[in-house]
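Asks: Given the structure of chain Z, go ahead and fit chains Y and X onto it with the hints provided.
Residue-level listing of the chains:
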Amino acid sequence: MADAMSLPAAAARPRRRAPGAWAEALAGWTLAGPAIVLMWLMLLGPAVGVIGLSFTDWTFGAPQIAWAGAANYVELWGDRVFWQSLRNTLAYVAFTVPASVFLGLGVALLIEAGDRGRGLYRALFFLPVTSTLLAMALVFQFAFHPTVGLVNQALGWLGLPTTDWLKNPDTALYALGVIGIWQALGLNMVLFLAGLKAIPKDLYEAAAIDGADGAWDRFVRVTWPMLGPSLVFVVTITAIRSFQVFDTVAVLTEGGPNKATSVLLYQMYQEGFSFLRSAYAAALTCVFLAFVLLLTWAQTRLLDRRAHYG
Amino acid sequence: MARLTLTGIRKSFGATAVLHDVALDIHDGEFVSLVGPSGCGKTTLLRIVAGLDHADQGRIAIGDTVVDALPPKARDIAMVFQSYALYPYMTVRQNLALPLVMRRLSRAQRLPLLGRWWPGAGARRAAIDAEVQRVAAPLGLAPLLDRRPAQLSGGQRQRVALGRAMVRQPQVFLMDEPLSNLDAKLRVATRTEIAQLHRRLEATFVYVTHDQVEAMTMSDRVALMMDGRVLQFAPPQHIYDDPADLRVAQFIGTPQINTLPATRDEGGLTVAGRHWPLALPPEAGARPQLAVRPEWWTVQPAGTPQARPGVVEGTLAHQELLGAETLLHVRVDSVAETVVARVDPAQARTLALGAPVSLATARVLAFDAAGHRVPQAEWMGVRRLAVAHG
Amino acid sequence: MRPRPLWFRLLRHALLAGLGLLMVLPFVLMVSISLKPAHEIFAPEFRLLPEQWHAWQNYSLAFAKQPLGRYLLNGLLVTACIFAAQALFALPCAYALAKLRWRGRETTFVFVLLALLVPPQVPAIPLYIGLWHLKLLDTYAALILPSTISVFGIFLMRQFFRTVPDDLLHAARLDGLSEFAIVWRVMLPTALPALVAFGLLSLVWNWNDFFWPLLVIQTDTLATPPLGVVFFANAEAGTNYGPLMAAATVITAPLVIAFLVAQRWFIDGVTMTAVK
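Chains as they are written, first to last, in our numbering: chain Z, -1 to 308; chain Y, 6 to 395; chain X, -16 to 259.
FYI, nobody ran anything at the bench for these hints, they're computed from the structure. It cannot be assumed that every hint is accurate.
Here are some, though not all, of the chain Z residues that point toward chain X, as calculated from beta-carbon distances under 8 angstroms [to be verified]:
id, residue
1, A121
2, T128
3, L194
4, L263
5, G270
6, F271
7, L274
Don't be surprised by glycine CBs; every beta carbon is placed ideally from N, CA and C.
Chain Z extracted, bound-state conformation (with noise of 0.2 angstroms):
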């Protein structure tokens, strides 16, 4: 690192900017370049390699690379893994997201309408966020069992149907959406703890005063409300984190039974390295990275329009 870039007391030569300017510029690459450097290396270069890969043909350990055009989605469009992959990516989102939001929200609603216990409620609620997902989805798995696991234990005692909830593939996707909710329950309910402290206290006050003083008219005209740009940033964030469903498919279900669990990281993880089939992991990459950019643009369009509080 450069050391002693203090600015120069006065002016020596008469330059286009000011001594003191030209310095402060040397100081602001210096500092900046490294990560500058390691940002392209290690991210922007990579994620725009990516998408060159997706237009060759190479596979891992080939000698030669040859431009394939648009080949690779030509062919993901034609593969029926991927729609399948596709679809349950979706379907895992549609299953995990509004679930984890709005029990998330509820739970944060129920800790901050009372005095008592808010904070062993915190913690019971924040703990799974802070496990190793891998080592608890094994005791998931576990408590899926069809005879032994507490689930089917516990259904069969109140009388509901059991089924082997990992295997089937009905069940398989949203067996794994419930150890997803399990753990985005508490960080969600972090993040509106926080939005919900954000809530002048005198809103309610005034509200009071003008006639909304139930629970119910306190939450539809106060609370909602103000929690609009918090409701966008967690469901927006839980999405892109849904999105990215790959530890669990990849220990309890490896993308089965059928292809009922394959979700789009993980045909890339066995495209790309079981398969070696680099260029085409690349395209099935780029195909996840639009989806996740789209999530984003929507909330930034909603958060626009919404959030005009000031």
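Replies: Then chains Y and X, alone, in the frame of chain Z:
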């Protein structure tokens, strides 16, 4: 009628007592200020009147109705908050309409989407809109009705808060330091507007502030509070001329009133080493305190006959030339704070810093050692001049 | 707070406690199974505590079969190195973006924002190829290098640095501090809460990351905790649940304990980053 009566209000937060036995009788249509230093309990009292907090003991009546058990919305009051508390996600129009919407539309008619088509909703909403226009026009809000609070200036937001309070035509208006978020120039202009508003609406206003100038200029009567008690409740001039407590005298008036300790002596009092022929009744005690407003002093030139009976001598520590008047800061022995006199610039012209100065007064307020006012104080003997009002 | 009626308070506690119990149940289950012998695990009725304590056998078997301690150590080493590197590069850059005027500043910030949009799995393939060419696969370097740059860290610290008053910097410069020194002596102490928050998030994220270690690590002595769990599960063929749960407990324990001890920091940290 909107008479507001408070009796025996007591309030503690945990172990700390915040209000001690407060009683006020506010007439219909009066503008009353609750003024005092921070922590004196004025905001707590206002919130209790509004129903946002509950007194531990005491009774509040608006008109003939005892309102202690009623929630805020049922008390027929409106409040302007210090931060205005406008709903940021609603337009000005919606902000102004909300109190009426909550009152006049049934729950079904209020539903977000369906409510619009509920029978009867249309007519009521139209009536509400008309009232919103009626309130918005004199406040200058008509062109702003479709904006959001974030797009308004501080002064405009304040007027929206006022409008929202007015739209329900309540009996009592409560205001919690509504001017404190405005800059100085705007504050003066808005002060006048609020006073005019009061005259136009002919409603009862209760106005909390820590600024004595606001309290004095706007109110019919001022309730000066300190440490959870109402020290005096009287018209502004009365509070100025005839304070009931030394703390009242010290809080009102700029520069602050001069306090002079005194001891009794033969034929009067000894004040700062000089004899004052001032007679006080026995209730004043052995160590009374005297207070003299800065504008009651004149400079007593050396070697001239004593024009006024109360004289102090000291050295000139500092002068402040204000143009229309000059403030003299005189250090007097045995008086802790410098004595400040407000004099004509001509009187001060000949004085030099560090030079000896004599100040004389014919008007004085007397208090006992605990600060209670002693009304009967009379100059004795020579030439009965202006005396303290009894 | 208006005093709520009793029925409401009871309902609230019932709901929160009930759901909270469900959240905690997997942890309870995990520990419970790790204490039981095989025949009790597969017994038809569920009991919380074992009749026959098998804890010692399960845990010692877990440690014998796989280098569990090594996995934890790797986790600690890797996350510590990553965070140190992230702080080292992000802080000066954040300062330059927040407080200095230089020609590339706005462009660089735009690229930082763009990079924020890119999920971590997108650069994976080219990074893998690059490391393969450099013969760095299956090393600590492979685990640490890609994460040394945290654009989230840059963004967060920049937002924080912007709130530091400029006068503080003018005074420091008059006192003779170089820009570099300003970063570490003036900005860092002021933004310590943000750095701690970022550190906790970085710790949790990198400790639990599975995707990248799965790609680059084959040797079990280099495995981070999640990868270690999977190695263990594979080695066990998945039916020896007692030792498996024991391993899972050991792997999960450090972060859970850290969280319980420093709850406020975790929660405040998440809240603060979200607000920014």
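Asks: Does each hint hold? Answer for all of them.
Replies: Do the hints match the structure? See the list:
Interface hint at Z/A121: satisfied, since its Cβ lies 6 angstroms from the closest Cβ of chain X, which is below the 8 angstroms cut-off. Checking Z/T128 against chain X by beta carbon gives a least distance of about 4 angstroms; that is within 8 angstroms, so the hint holds. For Z/L194, the shortest C-beta to C-beta distance to chain X is roughly 11 angstroms, which exceeds 8 angstroms, and the interface hint is violated. This hint holds: Z/L263 has a C-beta 6 angstroms from the nearest C-beta of chain X, less than the 8 angstroms allowed.
A distance limit of 8 angstroms between C-beta atoms decides the matter here; for Z/G270 the minimum to chain X is near 6 angstroms, and the interface restraint holds. Interface restraint check for Z/F271: the shortest CB-CB distance to chain X comes to about 6 angstroms, inside 8 angstroms, so the restraint holds. The interface hint given for Z/L274 is broken, as the beta carbon of that residue sits about 11 angstroms from the closest beta carbon of chain X, more than 8 angstroms.
Checked against the numbered hints above, the structure breaks hints 3 and 7 and satisfies the rest.
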